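Numbering that gives the first Met the number 0 applies: residue 0 is where the sequence shown begins, and numbers increase by one.
Hints in this document: simulated from the structure, not taken from any laboratory.
Each hint should be verified, as a subset may be incorrect.
Unchecked claim - Keeping only pairs whose Cα atoms sit at most 20 Å apart, straight-line, the calculated EDC-like set for lysine to aspartate or glutamate is:
hint: 1; residue 1: 549; residue 2: 897
hint: 2; residue 1: 501; residue 2: 526
hint: 3; residue 1: 475; residue 2: 897
Just so it is clear, the structure is predicted and the values come from calculations on it, not from any experiment.
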Amino acid sequence: MQTDATGSSINESLYSRQLLVLGPKAHVKMMQSKVLIVGMSGLGQEIAKNLILAGIRTDIYDNSLVRMNDLNTGFYFQSQNVGQRKDESVLNALKELNTYVHVGICDIMENEGMREDVLKNYTLLVQVDADLRKQERANEATRRCNIGFIGCMQKGLAGCVFNDFIHFTTRDVNGESPKLGSVTNISYERKDDEYTEDLIEQHRRDKKQKTEEHNVYTLRTVDRHNFESRDRVKVGDSVFSITVINPFEFQICTTGTVEGDTYEEIKKTKVFEFKSLAECGKEENDDIFKLFYTHALFRDEHGRDPFPRDESDREKFLEIYEKNYGKASSELPGLFAETCAAAFMPIVSILGGYVAQEALKLCSERFMPLLQFYFFNSYDLLLPDLFSDKTEEESNKDKNKNVDLDDYKHEDSKFRDLVVLFGNRKLDQILNAKIFLVGAGAIGCEHLKNLISDVTVTDMDTIEESNLNRQFLFRKKDISDFKSAVAANVICQMREETRKDKIVPYTLAVNSNTENIFNDCFLSKFDLFALALDNAEARQYMDGRAVILKKPLFDGGTLGTKGNAQCVIPYLTESYSSSRDPPEKEIPLCTVRNFPHLIEHCIEWALTQFQTLFTEVKQNNNSDESRSANVVDESGAKSDEVKLGENLLEYIGQNPPCSKKECIKYAVELFVCFFKTNIQKLKELFPEDHITEEGLRFWEPPKRVPTEIELSEGDELHLLFLLSCSNLLSTCYLDGRKVTKDDFCDDMDEEPCDNIQKKKIIFEKDDDRNWHVDFVYAASNLRAQNYKIKNAERLDVKRIAGKIIPAIATTTAVVSGLICIEMYRYLFNKDKLSESHENEVKEDELQFIQIRRKSEIIFKNSFINLALPFIAHSETLPPIEFECKLFNKKFNLWDQLEVKDCTIEQFIQMFADVTVEMISHGNKLLYCSFYDMEKNERYYRKNIMSTADENCDFVVLDVLFDVECDHCMNIIVKR
Numbered sequence: 000m001q002t003d004a005t006g007s008s009i010n011e012s013l014y015s016r017q018l019l020v021l022g023p024k025a026h027v028k029m030m031q032s033k034v035l036i037v038g039m040s041g042l043g044q045e046i047a048k049n050l051i052l053a054g055i056r057t058d059i060y061d062n063s064l065v066r067m068n069d070l071n072t073g074f075y076f077q078s079q080n081v082g083q084r085k086d087e088s089v090l091n092a093l094k095e096l097n098t099y100v101h102v103g104i105c106d107i108m109e110n111e112g113m114r115e116d117v118l119k120n121y122t123l124l125v126q127v128d129a130d131l132r133k134q135e136r137a138n139e140a141t142r143r144c145n146i147g148f149i150g151c152m153q154k155g156l157a158g159c160v161f162n163d164f165i166h167f168t169t170r171d172v173n174g175e176s177p178k179l180g181s182v183t184n185i186s187y188e189r190k191d192d193e194y195t196e197d198l199i200e201q202h203r204r205d206k207k208q209k210t211e212e213h214n215v216y217t218l219r220t221v222d223r224h225n226f227e228s229r230d231r232v233k234v235g236d237s238v239f240s241i242t243v244i245n246p247f248e249f250q251i252c253t254t255g256t257v258e259g260d261t262y263e264e265i266k267k268t269k270v271f272e273f274k275s276l277a278e279c280g281k282e283e284n285d286d287i288f289k290l291f292y293t294h295a296l297f298r299d300e301h302g303r304d305p306f307p308r309d310e311s312d313r314e315k316f317l318e319i320y321e322k323n324y325g326k327a328s329s330e331l332p333g334l335f336a337e338t339c340a341a342a343f344m345p346i347v348s349i350l351g352g353y354v355a356q357e358a359l360k361l362c363s364e365r366f367m368p369l370l371q372f373y374f375f376n377s378y379d380l381l382l383p384d385l386f387s388d389k390t391e392e393e394s395n396k397d398k399n400k401n402v403d404l405d406d407y408k409h410e411d412s413k414f415r416d417l418v419v420l421f422g423n424r425k426l427d428q429i430l431n432a433k434i435f436l437v438g439a440g441a442i443g444c445e446h447l448k449n450l451i452s453d454v455t456v457t458d459m460d461t462i463e464e465s466n467l468n469r470q471f472l473f474r475k476k477d478i479s480d481f482k483s484a485v486a487a488n489v490i491c492q493m494r495e496e497t498r499k500d501k502i503v504p505y506t507l508a509v510n511s512n513t514e515n516i517f518n519d520c521f522l523s524k525f526d527l528f529a530l531a532l533d534n535a536e537a538r539q540y541m542d543g544r545a546v547i548l549k550k551p552l553f554d555g556g557t558l559g560t561k562g563n564a565q566c567v568i569p570y571l572t573e574s575y576s577s578s579r580d581p582p583e584k585e586i587p588l589c590t591v592r593n594f595p596h597l598i599e600h601c602i603e604w605a606l607t608q609f610q611t612l613f614t615e616v617k618q619n620n621n622s623d624e625s626r627s628a629n630v631v632d633e634s635g636a637k638s639d640e641v642k643l644g645e646n647l648l649e650y651i652g653q654n655p656p657c658s659k660k661e662c663i664k665y666a667v668e669l670f671v672c673f674f675k676t677n678i679q680k681l682k683e684l685f686p687e688d689h690i691t692e693e694g695l696r697f698w699e700p701p702k703r704v705p706t707e708i709e710l711s712e713g714d715e716l717h718l719l720f721l722l723s724c725s726n727l728l729s730t731c732y733l734d735g736r737k738v739t740k741d742d743f744c745d746d747m748d749e750e751p752c753d754n755i756q757k758k759k760i761i762f763e764k765d766d767d768r769n770w771h772v773d774f775v776y777a778a779s780n781l782r783a784q785n786y787k788i789k790n791a792e793r794l795d796v797k798r799i800a801g802k803i804i805p806a807i808a809t810t811t812a813v814v815s816g817l818i819c820i821e822m823y824r825y826l827f828n829k830d831k832l833s834e835s836h837e838n839e840v841k842e843d844e845l846q847f848i849q850i851r852r853k854s855e856i857i858f859k860n861s862f863i864n865l866a867l868p869f870i871a872h873s874e875t876l877p878p879i880e881f882e883c884k885l886f887n888k889k890f891n892l893w894d895q896l897e898v899k900d901c902t903i904e905q906f907i908q909m910f911a912d913v914t915v916e917m918i919s920h921g922n923k924l925l926y927c928s929f930y931d932m933e934k935n936e937r938y939y940r941k942n943i944m945s946t947a948d949e950n951c952d953f954v955v956l957d958v959l960f961d962v963e964c965d966h967c968m969n970i971i972v973k974r
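Construct all of the structure, not just a fragment, from the sequences and the given hints.
Spelled out as structure tokens, the structure:
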């Protein structure tokens, strides 16, 4: 168990997903850090939220007073806080996020400056929403105190982040897991080719000395190694620099020899030197930086931000801009001046997640830091052609034509900032929009925070402790409650001024079994679907519903520090299902059973044993497969070590333990069977010098010759196997009588159980008290010791066995913000999306609906990796067109063939040129050509819509024709 800075144990159940991102060592170092956040606007609250969830000790400071419009992005402000200090207003809410973390207020300011005697006690200062000139002064103070500095601000639809870590060493540049694998061959070479010369020169530099002899070895790997030249790997017990020859070979230069059959990447440290903000500002030439620096000069001159949508302040701002940077070439400076007093929640979410991740890098010494500015803007929400090649005169003409100044009239209200940014008409579009949110986990919680529209949210999952680390709406008291119900209740209380009574929760999954609730009529009332799911199956299902109903869909997902956001817009883009990730590579069964060479193989084997013993043990299981899976004593003698040999698993099922003593006895026998007897039998079948019929050595890499393990009472891993196995057997057969270490030594006097009924156990990864992970951890590492494979940490075993997706709150916040911007883009422009219809009518019965849309509105998909840090956007892809041989037409996924309600008989007659072989919808088979008419009669003369739910306006038919057709458009029957 790890410990934090105070010596207290770290709750691995709480932090498990984050530990998989950062690693235990980095997490402990992070616990020893302390961050001060100055500024508690919405952006400051977002940063604080993410850091506190991550486990960072955090102090805050902001003595300014809450205003009504601060409630727009300040999600921890309540209406009663108006007129109160911001830091005091949010303190209790921040403390509730993580009871393991110190959160306090630090009065850091003194005479317009910071108290450096206090400042030097922190690891990092984060200054929020201060202008660049103030940030420069704060940065100078942090440099004198030798602590890190991050300055950030969000103005209107633009954001700016600056990093200064002074001198920073990262122990992991990219955040990827170290590459490891098996070596099949090591060959010795003495070539004077370019690889060898490079390698020898690199060896000299690394050793910082001259060597007289150099041996060059080429190593061939089982799978692609994906190394880059100059990477470092560990082979056997030695670490080498390498040069890559091809994806399966790399070379090593050494004065000695190379021995070993595995390789492992060694993460390199990298040192970064930073400049101050004042120095970087002199060199920066980004257009967004110019806006923020002009903003700082404006504040120096006027002591405030430009008034929102104020023509006089706009001119003053442009005058300062032109004095420093020349005449503006676009509307961007003027638009910044008009809107910089406003804040926008999705951008707050993006910057808050981004800044918090940078803070975690400094505190954990992991990942690539920002060097040194990051700028973000979404002005294309207002002016789609803002960054086009239009002249200034053309842009001004378009602006004057489209802008209604009355639309931007605002008052000091909770929605003031949104009116300043988008106008009253667009605010109405946002407030009146109806969104169907599927998933109330990490991204779902962030969506509920970032949106102010009517939201119906559904999620069948209940809250677990591991959720609390990144799903910020949940608390420990909510564990076992439904996520959607708790999230809806909490967000309505938290943001009562903007969200009260606007969220409706459901506790159901979305699949074919719930279509009686989430039917077409129900889903048709929503403007868009937002997916916050953790599995591809549910995404594909909702994607299919979106395509049929012609609804836009916005999807996002995360994997550690990586994330993506995808827009699916009817008629304009491909759908989620148009492209799929490659399937996971499966491990061959023979490798798992007898010839593992990676720890993943051992974990898979341990899971199989878990399921066989505690989940799927069958009575009288005499199959050949069962016998071959366990190498056993052929004599069948019941020795003290292993009774019944290969029938041991069967014997346990047929003769279940009736006492703790028997559970322990079986656990000991299983240990000997798994890790000694089975190994002995395998080596008897295939001795170490065994030669195949082809004349090759049987135990060639990647195969490894195993060795037996003798049970040792003093070995902790052996004891953990016996304890976990005994307790799981007890759970199965004895209603969970607890087995302890003492029970291994004592002569127990206990009542045997009668009428034993086996309780099947399903592997549960997130309960550390149930022995499930303990068993798999012990069994997999003992198996690894059999085959001389490096043992894995418990957390890694838990991740692989439980198929856990690493996750962290920072990535979730960024991805949600990116998705919400695209949702707003759609809501603002859905009426502008032009469409032209191309209809073809055939015999007044079949109608081909083909809609082609062209739009100047460009929707964006996003891809992020905050470890690098990297955020990229790409235009959405158009739908692919296919050739339908049946109707001799080109079509895409949004096209459909519509039929007015008719009988099955009439439907078949419509397709006179082909034979209809089968008709179905959902789980109902309506017609089958090779059935006799008596079987088909049930639906044959009934209207098709009569077989559907009465609330449905249409059904989608699955029709099989005798014409071979790889792609066929959707066939819709309407009432």
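Hint check results:
At most 20 Å may separate the alpha-carbon atoms for a hinted pair to count; residue 549 and residue 897 meet this at roughly 14 Å. Distance check on the hinted pair: residue 501 and residue 526 sit about 15 Å apart at the alpha-carbon level, within 20 Å; holds. As the CA atoms of residue 475 and residue 897 are separated by approximately 52 Å, the hinted pair breaks the 20 Å bound.
In this structure, only the earlier hint numbered 3 is contradicted, and the remaining ones agree with it.
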